[in-house]
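Engineer: Below, each chain spelled out in residue letters.
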Amino acid sequence: DAGVTQTPRHEVAEKGQTIILKCEPVSGHNDLFWYRQTKIQGLELLSYFRSKSLMEDGGAFKDRFKAEMLNSSFSTLKIQPTEPKDSAVYLCASSFDRAGVFFGKGTRLTVV
Amino acid sequence: QQKVQQSPESLTVSEGAMASLNCTFSDGTSNNFRWYRQHSAKGLEVLVSIFSDGEKEEGRFTAHLNRANLHVSLHIREPQPSDSAVYLCAVSPNTGNYKYVFGAGTRLKVIA
Chain F
2 DAGVTQTPRH
12 EVAEKGQTII
22 LKCEPVSGHN
32 DLFWYRQTKI
42 QGLELLSYFR
52 SKSLMEDGGA
62 FKDRFKAEML
72 NSSFSTLKIQ
82 PTEPKDSAVY
92 LCASSFDRAG
102 VFFGKGTRLT
112 VV
Chain G
3 QQKVQQSPES
13 LTVSEGAMAS
23 LNCTFSDGTS
33 NNFRWYRQHS
43 AKGLEVLVSI
53 FSDGEKEEGR
63 FTAHLNRANL
73 HVSLHIREPQ
83 PSDSAVYLCA
93 VSPNTGNYKY
103 VFGAGTRLKV
113 IA
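Residue numbers (this note's numbering), protein chains in the order written: chain F, 2 to 113; chain G, 3 to 114.
If you're looking for bench data, these hints aren't it; they were derived computationally from the structure.
A hint or two may mislead.
Simulated coverage check for chain F against chain G, where a stretch passes if three residues somewhere in it have a Cβ under 8 angstroms from a Cβ of chain G [stated by the list, open to error]:
(1) 46–59
(2) 105–111
Cut-off 27 angstroms, straight-line C-alpha distance, at most; resulting in silico cross-link-like pairs (DSS-like, lysine-lysine) [to be verified]:
(3) F/K106 x F/K23
(4) F/K16 x F/K53
(5) F/K63 x G/K5
(6) G/K101 x F/K79
(7) F/K40 x G/K101
(8) F/K86 x F/K16
Note that CB positions come from ideal geometry on N, CA and C, so glycine has one too.
Isolated chain F, as found in the complex:
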């Protein structure tokens, strides 16, 4: 399967811990997105990279959330320190021009 791969699929963290979520975009895609999905807020954009350059850092998510893209085939999202309100599904997506945006299956994060 050449889709977007996210790991881990599930993560449980204690409040105050640092967690790192990983994403491998579709090969050849030059846009990469990190979203957070909750029942109340729906899908919210956290970060947006174009050709590995950070284009959008999600405004309100800046202080404890940091996304990085060290190479075109791998991105991480670090949450430090975690808080219970960070419990959500984190989705990574990639795209190339008008070929459409492809989403990974997400990482379900629970912060206790």
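Since the structure of chain F is already known, use the hints to place chain G on it.
Structural biologist: Quick look at chain G alone, frame taken from chain F:
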């Protein structure tokens, strides 16, 4: 800032009956709209994209866009139980911009 709202929150239809989902947006200059489906154990899959007023059909899925009314809808012809999922409307400023704003989703249940 773009606001995207979907209705209804949940919808139950019988197998074979038409299912209609609605989405309103606030920025009338938007011209990039997508409908996604999210099954509980899968990532988001794109169903249909539409970039100009009118209709766009992809198999059993038809999107109808009316930008003057700030409205885009999704119609599912002959829905099946396997179509039971959350349907998300996504709106972007233009066809070259993939920073979508998502609605909160409509949960569709198709009963046999």
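Engineer: Hint by hint, note whether the structure agrees.
Structural biologist: Now the hints, each set against the structure:
1. 46–59: Result for this restraint: holds, n = 3.
2. 105–111: Our answer is that it holds, as 3 residues pass the Cβ test (under 8 angstroms) against chain G, meeting three.
3. F/K106 x F/K23: holds, 12 angstroms
4. F/K16 x F/K53: With a Cα-Cα distance of about 30 angstroms, the restraint between F/K16 and F/K53 is violated, given a limit of 27 angstroms.
5. F/K63 x G/K5: Measuring from Cα to Cα gives roughly 21 angstroms; hence the hint holds.
6. G/K101 x F/K79: holds, 21 angstroms
7. F/K40 x G/K101: Roughly 20 angstroms separates the two Cα atoms, so the pair holds.
8. F/K86 x F/K16: Given that 27 angstroms is the threshold and the Cα spacing comes to 10 angstroms, the pair holds.
In terms of the numbered hints stated before, the structure departs from hint 4 and from no other.
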